[in-house]
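Novice: Read off the chains here:
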Amino acid sequence: MDERRREIWIRPLLTWAALCVLLAATCALAYVPMGRANLAVSLAIAAAKAGLVGVVFMRLFENNPLNRLAAAAGPIWIFVMFLLLFSDYATR
Amino acid sequence: MSDVAHPAAPDHPATPGSAVPPDYLHDGHTLRSWLFTTDHKRIAILFALSITLFFFIGAIAISVVRLELVTPAGDLVSDDTYNKMFTLHGIVMVWFFLIPSIPATFGNFLLPLMIGAKDLAFPRINVLSWYLYVAGALLTVVTIIAGGVDTGWTFYVPYSTMFSNTAVLTAAMGVFVNGFSSVLTGVNFIATTHVLRAPGMTWFRLPLFVWAMYATSLVMVLATPVLAMTLLLIVVERWFDLPVFDASRGGDPLLFQHLFWFYSHPAVYIMVLPAMGVASELIACFARRRLFGYSFMVYALVAIAVIGFFVWGHHMFVSGQSPYANVVFSFLSFMVAVPSAIKVFNWTATLYRGSIGFDAPMLYAFGFLGLFTIGGLTGLFLATVPIDIHVTDTYFVVAHFHYIMVGGTVSAFFGALHFWWPKITGRLYPETLARIAAVLMFFGFNLTFFPQFVMGYLGMPRRYHVYPPEFQIYHVLSTSGAALLGVAYVMPLFYLIWSFRWGARAGANPWRAKGLEWQAPSPPPRDNFLTPPVVGEPYDYHPPEGPTAAEEQVA
Ligand SMILES: [Cu+2]
Chain A
0 MDERRREIWI RPLLTWAALC VLLAATCALA YVPMGRANLA VSLAIAAAKA GLVGVVFMRL
60 FENNPLNRLA AAAGPIWIFV MFLLLFSDYA TR
Chain B
0 MSDVAHPAAP DHPATPGSAV PPDYLHDGHT LRSWLFTTDH KRIAILFALS ITLFFFIGAI
60 AISVVRLELV TPAGDLVSDD TYNKMFTLHG IVMVWFFLIP SIPATFGNFL LPLMIGAKDL
120 AFPRINVLSW YLYVAGALLT VVTIIAGGVD TGWTFYVPYS TMFSNTAVLT AAMGVFVNGF
180 SSVLTGVNFI ATTHVLRAPG MTWFRLPLFV WAMYATSLVM VLATPVLAMT LLLIVVERWF
240 DLPVFDASRG GDPLLFQHLF WFYSHPAVYI MVLPAMGVAS ELIACFARRR LFGYSFMVYA
300 LVAIAVIGFF VWGHHMFVSG QSPYANVVFS FLSFMVAVPS AIKVFNWTAT LYRGSIGFDA
360 PMLYAFGFLG LFTIGGLTGL FLATVPIDIH VTDTYFVVAH FHYIMVGGTV SAFFGALHFW
420 WPKITGRLYP ETLARIAAVL MFFGFNLTFF PQFVMGYLGM PRRYHVYPPE FQIYHVLSTS
480 GAALLGVAYV MPLFYLIWSF RWGARAGANP WRAKGLEWQA PSPPPRDNFL TPPVVGEPYD
540 YHPPEGPTAA EEQVA
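Quick mapping for you: the protein sequence lines, in order, are chains A and B.
In this text, residue positions in the first sequence follow numbering that gives the first Met the number 0: the first is 0, and each later residue adds one.
In this text, residue positions in the second sequence follow numbering that gives the first Met the number 0: the first is 0, and each later residue adds one.
One or more of the hints may lead you astray.
Here are the simulated distance ranges between beta carbons [what the hints assert, rightly or not]: (1) 42/A with 231/B: 16 to 22 Å; (2) 88/A with 157/B: 33 to 39 Å; (3) 21/A with 193/B: 49 to 55 Å; (4) 201/B with 2/A: 51 to 57 Å; (5) 89/A with 241/B: 23 to 29 Å; (6) 231/B with 43/A: 35 to 41 Å; (7) 337/B with 65/A: 50 to 56 Å; (8) 27/B with 60/A: 29 to 35 Å; (9) 231/B with 21/A: 42 to 48 Å; (10) 89/A with 376/B: 31 to 37 Å; (11) 321/B with 59/A: 32 to 38 Å; (12) 157/B with 20/A: 34 to 40 Å; (13) 42/A with 35/B: 25 to 31 Å; (14) 489/B with 7/A: 52 to 58 Å.
Source of the hints: derived by calculation from the structure; they are not laboratory data.
C-beta atoms are modelled at their ideal positions from N, C-alpha and C, and glycine is treated no differently.
Using the sequences and the accompanying hints, generate a full structural model.
Specialist: Written out as structure tokens, the structure is:
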């Protein structure tokens, strides 16, 4: 019963709290002048949020290889998008 | 449509003591039983009715455009109205007809049947997908009532964000909401193909239509979120004045084009991959041949779906994109032609030594094959940077993509409609009328769009309602072709409705076709199969090494 409660309540609630903290950090840091580092920090926080969702809610560490491949498709496609975008932006 | 007119299906007579389940059309008669259904077959019908309605809305819009273009002067509608009409045509035809056309109707209906399943993996998500489509469609109707939108279906910035004073927000939100419908359908199809295949239905026994649905779903799931995000950025810029695309305040208008085409080029494959799946089923069946190079057909589908993501920059050769990027995207665009060509050659090779039946579905499949090939080859012209610079924003481009989307996808859609009509309704359609409509559609199509290649090459720009008189002859030809095309689209509407009531009853398998869907009764009951389907090799139309049907006839 304890194991079940941990699975259904504690793990998701802790993760949700962590996500809320990260969201608050995004909002707060937007008002801290860091120059170009602002963008990097915001993206890093976003990546951390996505990582939490992937590990906790999508259980990617415990999942079978096919599902992990499916989940990896998202980042891979974003990578392709950035790669080809910069084939334009980096060579103008 | 009372019960009396539909006794139990003759191929499954009710035997005393065993209750034959009613077919899906008669499993509940209330409006509620349709609107709250979770049956993939009923949801397919809901989608079919709604996309048919929007097909005619899009067709009315383009009729105004084609009539305006009969004369060089702008005498039928004002320039503003003209802009709104071609925009409405584009938005409605792309997102409310072509994208859901084959997947949400035939895919929905056939995917579970073809893999021997009772339904899709997530039946409630399936009906949610239809409701999201309806919500997006209603926003589009609101757009029309609010006076329309004039940005073109591409919503290019800065016009859409800074200058257009038409209903851009509702139009963009309509497409945004409809995108979620696509994603849900895609997720559902992927999950269904993974987990609900009948025992013995291995991946390399799947019909190519199922593979095509799978590849299409991958594109839907991976590309559509980018469109949603891009449209949301337009809304944010218009509504909250956040300068994402405004160059004067640090934004970048070209970023919009990059993001938009990152979705919209793969969207072409959302439209045409399902058509390729349909063509594979029809050609194998009516040539009575095993599909030539089955595994290469599968690899080609997946390759098109993946490489299709790498070519979007060919829409931006004159946008101010860097010349280096132009070369990269040009090269990658040539790459995607290779798997497409493999498919065309394999369909042609399937016909070789076949015993070809010229029934209406096969006529549509032939139309698809020829018109898709012309559309694809002119795509290579456009992938070549110097030629593209010459014909950018001319009718050459308009002709090219209509050969793919209308000549290819719509031909295949009508082929599928006739081929699976007996399965969907349990009735046969009138063959002669159907053949006339198929031939008329082919002629009407070419008369409409071939002159557009010529006038585009000669310099007639797209999206203008006034033009120099030397182009009039081409526009008159094009408009008369559109009238023929209109007749060819309306004909099936009449004879199919007629056959639904009065057509001869179809048995389970009127085409002697080999897919699992033909082992279910016509129309199938709620759970599709009365007995578990027997899974064999795909396209088993003749023994692997034995004589083909044509050779047997000679012997
Ligand atoms: Cu393209």
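Novice: Starting from the hint 25 to 31 Å, judge whether the C-beta atoms of residue 42/A and residue 35/B obey it.
Specialist: Since the Cβ atoms of residue 42/A and residue 35/B sit about 43 Å apart, the hinted range of 25 to 31 Å is violated.
Novice: So the hint says 32 to 38 Å: do the beta-carbon atoms of residue 321/B and residue 59/A match that?
Specialist: 37 Å, holds
Novice: How does the Cβ-Cβ distance of residue 21/A and residue 193/B compare with 49 to 55 Å: does it lie in that range?
Specialist: Distance hint for residue 21/A, residue 193/B is violated at roughly 32 Å.
Novice: Could one say that the CB atoms of residue 201/B and residue 2/A fall in the range 51 to 57 Å?
Specialist: 38 Å, violated
Novice: Taking 23 to 29 Å as the hint, is the beta-carbon distance of residue 89/A and residue 241/B inside that range?
Specialist: 25 Å, holds
Novice: Return holds or violated for the Cβ distance of residue 88/A and residue 157/B against the range 33 to 39 Å.
Specialist: 19 Å, violated
Novice: Honestly, do residue 337/B and residue 65/A meet the 50 to 56 Å range at C-beta?
Specialist: Taking Cβ atoms as reference, residue 337/B and residue 65/A lie about 27 Å apart, which means the hint is violated.
Novice: Taking the CB of residue 42/A and the CB of residue 231/B, does the distance hold inside 16 to 22 Å?
Specialist: 18 Å Cβ-Cβ, so the 16 to 22 Å window holds.
Novice: The hint says 31 to 37 Å between residue 89/A and residue 376/B; measuring C-beta to C-beta, is that right?
Specialist: 33 Å, holds
Novice: Taking the Cβ atom of residue 231/B and the Cβ atom of residue 43/A, is their distance within the range 35 to 41 Å?
Specialist: About 23 Å separates the Cβ atoms of residue 231/B and residue 43/A, which means 35 to 41 Å is violated.
Novice: So the hint says 42 to 48 Å: do the beta-carbon atoms of residue 231/B and residue 21/A match that?
Specialist: Roughly 21 Å apart at Cβ, these two residues miss the hinted range, so it is violated.
Novice: Does 52 to 58 Å hold as the CB distance between residue 489/B and residue 7/A, or does it fail?
Specialist: For residue 7/A against residue 489/B, whose Cβ atoms are near 57 Å apart, the range 52 to 58 Å holds.
Hint violations for this structure: numbers 2, 3, 4, 6, 7, 8, 9 and 13, all remaining hints satisfied.
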